[in-house]
Each structure stands twice: as C-alpha cells, then as structure tokens.
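Protein chains: 2
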Amino acid sequence: MSVRVELVAVGTELLLGQLTDTNTVYVAQQLAASGIDVLGTHAVGDNRARIAATIRAALERVDGVITTGGLGPTVDDLTKEAVCDALGLETELHEPSLRQMQEFFAAMGREMRENNRKQAEIPRGARVLENPRGTAPGFIAFDAAGKFVASMPGVPREMKPMLAELVIPYLRERFAIREAIYTRFLHTINIGESEIDHRIDDLFRASENPKIAVLAHEGQCDVKIMAKAASREEAEAMIAPLEREIAARLDGFVYARDDESIAAAIVRLLGERGKTLGTVESCTGGRLASALTAVPGASAVFMGGVVAYDNAVKIHELGVAEGTLAEHGAVSEATARAMARGVRERLGVGVGIATTGIAGPSGGSPEKPVGLVWFAIDDGEQVQARSFQFRGDRDAVQRRATVMALGLLWRALAPR
Amino acid sequence: MSVRVELVAVGTELLLGQLTDTNTVYVAQQLAASGIDVLGTHAVGDNRARIAATIRAALERVDGVITTGGLGPTVDDLTKEAVCDALGLETELHEPSLRQMQEFFAAMGREMRENNRKQAEIPRGARVLENPRGTAPGFIAFDAAGKFVASMPGVPREMKPMLAELVIPYLRERFAIREAIYTRFLHTINIGESEIDHRIDDLFRASENPKIAVLAHEGQCDVKIMAKAASREEAEAMIAPLEREIAARLDGFVYARDDESIAAAIVRLLGERGKTLGTVESCTGGRLASALTAVPGASAVFMGGVVAYDNAVKIHELGVAEGTLAEHGAVSEATARAMARGVRERLGVGVGIATTGIAGPSGGSPEKPVGLVWFAIDDGEQVQARSFQFRGDRDAVQRRATVMALGLLWRALAPR
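One line per chain: the protein sequences are F and S, in this order.
With our numbering applied, the first sequence corresponds to residues 1 to 416, in that order.
With our numbering applied, the second sequence corresponds to residues 417 to 832, in that order.
Honestly, the hints are just simulated from the structure, not real lab data.
Remember, it's a predicted structure, so these values are computed and weren't measured experimentally.
The beta carbon of each residue, even a glycine, is placed where N, CA and C say it ideally should be.
Warning: the hint list may mix true and false statements.
Distance condition first, Cα-Cα at most 30 Å in a straight line; then the derived BS3-like pairs of lysine-lysine [unchecked claim]:
no. : chain 1 : residue 1 : chain 2 : residue 2
1   : S       : Lys691    : F       : Lys368
2   : F       : Lys160    : F       : Lys118
3   : F       : Lys147    : F       : Lys160
4   : S       : Lys784    : F       : Lys275
5   : S       : Lys640    : S       : Lys627
6   : F       : Lys224    : F       : Lys211
Rough simulated footprint, nothing fancy, chain S against chain F, three-plus residues with beta-carbon under 8 Å [to be verified]:
no. : stretch
7   : 13 to 20
8   : 27 to 37
9   : 298 to 304
10  : 308 to 319
11  : 346 to 354
12  : 388 to 399
Could you put together the complete structure from these sequences and hints?
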C-alpha cells in the first residue's frame with residue numbers, strides 16, 4: 001500500500017529568506033525513509049486564507065497534508081483556524097490537553113495566559129497528537145472523504161518526536177505500509193565522483209532495489225545503498241552482497257560506513273594501532289585539530305597541535321631551521337617535512353602531520369599561487385610529502401586543504 | 417507600485433530530504449530586499465503535469481512565478497515544457513542561444529550533443545535570460561493576461577547573477593518599483609536577546625520604517641535595521657539616528673556593523689592597537705584559532721597557537737607547572753592562567769588567551785561537570801580569568817566556548 005502527501009510549512013519569516021526551512025527537509029527525509037511519498041512542499045505566510053487555500057489545493061492532489069508551524073498562542077498563529085476552514089470544521093476544547101498545559105506551566109513556574117487556552121482547542125473530530133515537550137498539542141484532522149491534515153508545531157525539538165512517535169506510525173498503520181527504506185552509506189575519500197561512477201556504473205544501472213546513489217561533497221563522496229524492505233534484517237540481507245561488491249571495487253577509498261566521519265575513522269585507526277598523533281598547521285589554521293577534537297574520545301590518541309602561523313613559531317616551537325625557511329620558503333616540501341618531524345618530536349607523538357600553504361586572498365606569487373598547499377606526514381619511519389593546488393577563496397582553500405589532510409592521514413593509517 | 421510572486425523549485429531530490437533547497441531561501445531574500453513580495457514557495461518533483469499544475473495554481477493568486485531548476489539537457493528536465501503547458505504556449509528555437517551554446521562547448525573543448533540543442537528552445541514570445549556561465553538560458557514567458565513565469569537554472573553559480581542582473585531589474589522596471597529595503601546590522605556579543613529587547617523595546621514598537629528586528633544566534637545577537645527607501649543614501653539618512661540611539665543603549669556590546677565577524681573585529685582591533693595574539697586551547701581544540709585564521713590578513717597579528725590536549729603538552733610546550741596541574745587539575749583557573757601566560761611568553765606575543773574545559777561526553781565529575789570551561793586572557797600587564805558552564809553535547813560546548821572566548825577577547829581589546 002502507499003500514501004501520498006504534501007508538506008506545508010507556515011510562517012511569514014520563511015518567505016523573507018531570513019531563515020532556512022529546516023523542518024521541511026527533515027520531515028521529507030523521515031517520510032521518504034518510512035515509505036511515505038512526498039509529492040510537493042510549500043511554504044506560506046501567516047495568512048489564514050492563504051494557508052487554507054494551499055491546504056485545499058494540495059488535498060485535491062494527494063491523500064493528506066502535513067503542516068509545521070503556526071500552532072503557538074499569538075494572533076499570528078493561524079494554522080488551526082486555516083485547517084478548519086480547509087476541511088469545513090469547527091474547533092472544540094480538548095480537556096486533557098488543557099490539563100496537560102496547566103501542568104506544564106505549573107512545572108515551569110510560569111503563569112498560563114488566556115491566549116494559551118486557545119492552544120488546547122482542536123478541530124472537531126481530530127486525533128490529538130500529544131506534545132509533552134511544549135504547550136501546543138498537534139492534531140490530525142479529517143474531511144468527509146477521509147483525507148487528512150496532520151499539524152505539528154514548528155519548534156524542531158517538539159516536532160521531531162511527534163513525527164516519529166505519532167504521525168508516521170499512524171500513517172503506516174492506516175495505509176498499511178509494511179515496507180520502509182533502509183540505508184547504508186559507504187564514505188569515500190581521495191576519489192572523484194566520475195571515477196566512482198565509472199567503477200560501479202553497471203551496478204548502478206542493474207540495481208532497482210536496493211537502489212544506489214552517489215552524493216558528492218567537498219573532496220568526499222558517499223555511496224548510498226537504499227533497500228526497500230519490511231525489516232532491517234531483510235534490508236541488510238539485500239544490501240550486504242552489493243555493499244561487498246562496491247567496497248571491493250572502491251578498495252582503498254572507503255573509510256567508513258554510515259555515521260562515522262573521516263576524523264572519527266582516523267581516531268579509531270590510531271586507537272587500533274596504538275599510535276598517538278600531533279598536528280602542525282599553517283594555512284589550515286586550526287581546522288585540522290578542530291576536526292579531530294570534534295570526535296568524542298579523541299583525547300586518547302590526539303596529544304595536541306601547533307598552529308604555526310608566524311615563521312618565528314615554526315622556528316622556535318618546531319625547530320624548523322631558519323635556513324630551510326630562507327632557502328625554500330614557508331610553503332615548500334622541505335618546510336612541511338621539517339614541521340611534521342618537529343611536531344612529532346616536540347610532542348613526543350607517533351605520527352606528525354603538517355600543512356603549509358597560501359590560503360589567500362594575498363600572499364600568492366607566480367611560482368607559488370594562492371591555493372598551493374604542502375602536506376607532510378611523519379611516522380618516525382617514513383615521511384610522505386605531497387602538494388596540491390586548491391581553487392576558490394580563502395575559506396574554500398582552508399576547507400579543502402583540511403579535507404585533504406584528513407584523507408592523506410587516513411590513507412597513511414589504513415590497513416593495506 | 418508592487419508585485420507579488422510565488423517561487424517554484426523543481427527537482428525530485430528536493431522532496432526526498434537529501435538536500436536543502438538553498439536556492440529558494442536565497443531568491444526569497446534577494447526579492448524581499450528588492451521590494452518584491454513573495455507570497456508562497458513550493459518544491460515539486462520532475463513531473464511535467466505537477467510542475468504545470470503548481471505554476472497554474474500560483475498564477476491564479478499572484479502576478480507571476482519564478483522557477484529554479486529543471487532546465488538541463490536530460491529527460492528529467494521538464495520545467496520549460498511544464499511552463500508552456502501552464503501558459504498554453506509552444507516552444508521555439510532561439511538562434512542566438514544556440515550559437516552561444518555552441519561557442520560555450522567549443523571553448524570547453526567538449527562536444528555538444530543533440531539533447532543540449534533542446535536547451536536553446538524557449539517558450540514562444542518569451543524574453544531570453546542569457547546565461548554566460550552555463551549552457552541553458554533562462555527565460556521570462558507570458559500568458560495572454562500578462563502574467564509571467566521567470567525560469568532560471570538550478571545551478572547557484574548560474575542562477576544568482578541571472579536573478580540579480582536580469583530578473584530583478586526586469587520586475588522593478590515593469591512594475592515601477594522605486595523602493596528597496598536597505599539593511600544595517602549591528603552585531604552584539606555578551607548580551608542576551610531578552611536584555612536587548614528590554615533596552616530597545618520602545619524603539620522597536622515606535623519604528624515602522626525603518627523596522628527593527630533582533631536575531632539571536634549562538635551566544636550572539638544581531639540587531640537588524642531595515643529601511644524602505646528609494647536609494648542607499650536616503651536609507652542611510654533614515655537609519656543613522658536610530659543606529660546611533662541603539663548603539664548608545666547597547667554600548668559595550670556592539671562589536672561590528674554589517675558583514676564584519678567577531679573574529680574580524682578582533683583582528684582589526686589588534687592591528688589598531690599594534691598588538692599580536694597567541695592562542696592556547698584545550699577543550700575548544702583548535703576552533704578558536706580556526707575562527708581567527710579565517711579572517712583575511714590575520715597573519716599580521718595572529719602569530720600562532722597551541723592545541724594543548726594532553727597534559728604533557730601543557731607542561732612541556734607551555735611551561736605549566738606539574739604542581740599546578742596536580743593540585744588544581746587541568747580544568748581550573750590556575751591552569752588557565754598558566755596556559756595564557758605560557759603561550760604569551762613562548763610565542764612572544766602581546767596577548768595570550770587560553771581555554772580549558774570539559775567538552776564531554778565523558779570526563780565530567782560532580783565538582784567539574786561536562787560543560788565547565790575556564791578562560792584566561794593575559795596581556796602582560798593583567799590577567800582576566802572567568803569560568804562558564806555551557807549546556808549541550810560535545811559539539812555545542814565546543815561551539816559555545818569558542819564564541820565566548822571570542823567575546824571575552826573582543827571585550828578585553830575594545831576601547832572603553
């Protein structure tokens with residue numbers, strides 16, 4: 001069975017470009033994963049007639065509408081009235097919701113105002129969606145033909161559990177949806193989207209369920225394997241052979257599955273190999289250390305880092321020879337190697353990684369243009385040094401150089 | 417005069433929650449600033465009938481529709497056909513666009529395929545929107561009543577200049593829109609949204625044009641002053657007295673205007689005062705250095721930093737006494753002070769700033785819970801040390817501690 005819905009986000013602020021409507025993308029993603037088809041999304045201002053017209057038009061195309069926002073206590077909150085207009089309903093007071101709100105305000109030590117009372121009213125005959133995290137309940141209201149409008153608050157902290165615990169289970173039950181979409185991510189680095197396409201194109205074309213998609217980010221690509229199945233176990237059995245085949249074809253580039261980041265994979269590998277790490281950064285300016293220290297438990301393997309912006313720091317804190325800097329310059333293979341060795345020795349770590357480059361906008365030259373970055377990794381036995389030329393503005397060069405440093409570090413640590 | 421539009425973003429990927437539709441929020445923001453009213457936004461999949469129905473429904477409510485996406489060369493690109501369906505038009509070949517595309521492919525050294533040819537077709541009678549940055553031109557098509565549909569490619573790099581240079585000027589000219597909205601931002605730090613509301617509430621209520629809004633971010637608030645005026649000069653004259661009054665009431669909290677970040681304000685203040693800076697970070701793990709080095713020209717005042725994750729780094733690289741760590745612990749006022757002095761002396765900088773705290777999820781204790789962070793700033797003459805208790809997960813603690821460090825640093829450098 002299936003159900004088709006459209007989404008309506010309510011709020012004038014969504015039309016002014018002042019904020020991004022993250023609710024809609026979240027709801028769409030959760031519904032898609034739950035086997036519920038989203039055919040369109042809309043944003044509309046705090047205008048009763050326009051909200052009602054948008055809902056009515058959608059109900060002519062699909063089985064139901066899911067709204068977010070506009071359930072608060074102020075005069076600008078008009079979603080409930082608009083839903084009633086669209087469905088030809090009156091509101092009625094829902095006593096349990098009123099009691100729950102009274103308790104909520106009492107627990108917060110705040111006084112409940114008269115305009116909060118209207119939040120306990122729901123369209124006649126609607127199912128109440130309880131909201132223990134806030135004041136306004138949501139609801140699912142119906143028209144004479146059985147089409148539905150599910151309305152949730154716009155506050156993400158209240159909306160997300162309501163969607164997961166009440167709205168999606170209701171829809172899956174009512175429309176007898178047995179299957180859901182289960183997803184496996186394979187995260188790759190150091191390989192381009194077109195090369196991945198080239199290597200797995202036949203699988204991509206042959207496979208309908210599971211379906212394969214390649215999503216490119218900055219310097220990284222994710223291969224997404226999506227299986228439509230009645231359970232996680234059934235989906236895993238469908239995904240496993242395809243995952244093995246793709247992993248084999250992308251051998252040496254897949255750094256993690258599902259939720260693990262490249263930095264988390266590096267922290268895990270360091271732990272497995274009993275090694276410690278130190279960083280020294282010039283052009284990436286602390287971003288590499290930030291990425292690594294974002295991982296819970298990083299302190300077990302990441303001892304510390306140096307942001308060596310000024311040459312004096314390179315000389316005094318890392319022991320880079322003044323002659324090296326004078327002869328080759330700060331952005332050079334020799335300096336990168338000396339920095340990596342310096343941080344390894346100074347911090348007494350197993351692996352040292354260095355970045356030095358020209359982030360721009362100034363500081364470039366014909367021989368060393370903006371975007372040139374040298375990387376070196378010193379593990380005490382051998383040193384790898386490489387340079388890359390990155391495009392873009394200062395922020396792009398810094399971001400791309402950080403991803404590349406992580407990719408090179410992962411490659412140096414990964415089992416062969 | 418005025419014009420009212422709705423936006424339609426085309427692409428099935430927008431309905432799956434796989435990516436956020438950044439085009440719609442961008443277009444909405446640019447149109448609002450240009451005095452063009454956006455009454456609704458929609459996203460719809462790559463389905464000709466549904467795109468056409470969405471456009472037709474919108475044209476019954478407003479003067480025109482602006483679409484993004486679906487103008488590419490593949491069979492999934494159906495926006496042009498759907499616009500023709502909605503307006504009752506045929507397509508026609510636009511010879512200049514065909515020639516321009518041929519030249520584009522020749523310059524790229526790529527072969528132009530037959531399916532690219534269809535990109536040079538436009539709805540009969542439409543205005544062509546040239547696209548020198550890509551292959552597909554955009555267009556503005558019309559129905560018999562003069563309502564319009566402006567269609568732009570979905571690639572932001574192509575869409576943004578087309579909007580600014582062609583679509584907005586056309587609409588302002590045709591609908592005789594003389595005014596635009598000019599905005600001044602005052603960025604504050606170290607003061608909460610409710611305190612700002614309290615201080616400027618009367619201005620907020622009294623002022624219709626310019627309008628005032630307060631936007632809260634993490635640890636920072638922006639006061640936005642929006643003037644509707646016929647020119648930047650006229651707007652500035654309207655904004656200036658209000659800006660002076662607000663700045664006076666928020667004295668000591670406003671760190672910058674318009675596009676300047678808190679880190680950029682710090683780099684500017686350091687330059688004005690002829691001082692250099694060094695950072696030493698434990699729990700913020702490089703984020704403070706990253707924020708500072710994101711500023712172009714930071715290298716003139718930011719000498720470098722240390723990410724002192726392990727205690728050994730605090731001892732050997734910064735000269736923090738082992739006794740201090742043993743007696744007070746790594747997260748303590750004494751250690752923060754010793755770290756700030758250590759980085760100032762070791763890097764030979766004018767100002768040293770230190771962060772040390774418990775980012776979590778583990779490492780907390782009843783006396784020193786997760787989220788406790790000590791900050792110290794040492795300028796050689798005096799040392800300021802403060803602690804804060806931040807809420808949230810590891811990422812939230814790291815982000816909030818970084819913003820706080822920047823706020824404290826700004827306050828220490830700002831003129832009194």
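These are the hints, each one checked on the structure:
1. Lys691/S / Lys368/F: It holds: about 29 Å lies between the C-alpha atoms, which stays within 30 Å.
2. Lys160/F / Lys118/F: OK: lysine 160/F and lysine 118/F at ~23 Å, within 30 Å.
3. Lys147/F / Lys160/F: Holds, at about 23 Å.
4. Lys784/S / Lys275/F: 29 Å, holds
5. Lys640/S / Lys627/S: 8 Å, holds
6. Lys224/F / Lys211/F: 8 Å, holds
7. 13 to 20: holds (count 7)
8. 27 to 37: holds (count 6)
9. 298 to 304: It holds, with 5 qualifying residues against the three required.
10. 308 to 319: holds (count 7)
11. 346 to 354: holds (count 3)
12. 388 to 399: holds (count 3)
Hint check: no violations occur; every hint is consistent with the structure.
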